[in-house]
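So for the sequence shown, the numbering used here puts the first residue at 1; every next one is plus one.
The set of hints was computed from the structure by calculation and includes no laboratory data. Mixed in with the good hints there might be a few duds.
Claimed, not checked - Each computed DSS-like pair below joins lysine-lysine, with the alpha-carbon atoms no more than 27 Å apart:
1. Lys171 <-> Lys3
2. Lys171 <-> Lys154
3. Lys3 <-> Lys154
4. Lys68 <-> Lys171
5. Lys3 <-> Lys76
6. Lys171 <-> Lys110
7. Lys213 <-> Lys171
8. Lys76 <-> Lys154
9. Lys76 <-> Lys110
Predicted model only: the values in this text are computed from it and were never measured.
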Amino acid sequence: MSKVKIVCTLGPACSSYETLLAMGRAGMNVARFNFSHGTYEGHHDMLNQVRAVERALSTPIATLLDTKGPEIRTGKVRDGAVLLEQGTTVALTPEDILGTSDRITVRYPKLAEEVHPGQEIYIDDGTLHLAVENISGGDVLCRIIVGGVLNDTKGVNIPGAGITLPTLAPKDIEDIRWGIEHQMDYIAVSFVRTRDDIMEVRRVMEEFAGSMKVIAKIETRQAVLNIEEIADVVDGMMIARGDL
């Protein structure tokens, strides 16, 4: 038996039984459900399809619930897409506005308090790269180091910043409950920072009498620094390079 396993992220493009069956035959070992997107109804339908494939192939396929986690996102932008040009500046604001190439919303009220000039900010899995130049009131003025098109509600990563967000949002707690009720095998905890984040997840699972295996997603600088203490309290780790 190979020690290398194949984890497949499921989505609309592979939602049919025929496609999932082909993926199973090709070697899918784990079906990853991304709870940053989709509905419970959609996840339930997909879960039933995966289990039907298991029965058809007489091969176990583990199911993994990937939490949304305590992430920061941009707001909506004009016409759904704006161009941020390299070498120009853009202001990041906590105000809920329709973003333009000059000013965009970042949905984190304490942004101006927790960054400093020279701080690097990455948007959309590192596609866009900014550097903080100045802070004015609640706005953060940034130079665009690597530009590109920004669409609505993209993830924001600020390596090294002391972001103060809860380990689990109410949605994450409800997602954990759902995963336990539907007997999913693994939970991947997004944006882990310390062992305390994992212990909080385990506490919530205990409330719902859950027994999912816990995978820590290592995607923050804090997690890298605390990786040994995190390793002591998880069943596995996933190196999520998109935000590192």
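Hint check:
1. With a C-alpha separation of about 34 Å, the suggested pairing of Lys171 with Lys3 is violated against the 27 Å cut-off.
2. The hinted pair formed by Lys171 and Lys154 meets the criterion: a straight-line CA distance of about 18 Å does not exceed 27 Å.
3. For the suggested pair Lys3 and Lys154, the alpha carbons sit about 35 Å apart, so the restraint of at most 27 Å is broken.
4. Distance hint between Lys68 and Lys171 is fulfilled; the C-alpha atoms sit about 8 Å from each other, no more than 27 Å.
5. Between Lys3 and Lys76, the direct Cα distance comes to roughly 43 Å. Violation of the 27 Å bound is thereby established for this hinted pair.
6. This hinted pair checks out: Lys171 and Lys110 have alpha carbons roughly 21 Å apart, not beyond 27 Å.
7. This hinted pair checks out: Lys213 and Lys171 have alpha carbons roughly 19 Å apart, not beyond 27 Å.
8. Pair hint Lys76 plus Lys154 holds up; C-alpha atoms about 9 Å apart against a cutoff of 27 Å.
9. Distance restraint check for Lys76 and Lys110: the Cα-Cα separation of roughly 19 Å lies within the 27 Å cut-off, and the hinted pair is therefore satisfied.
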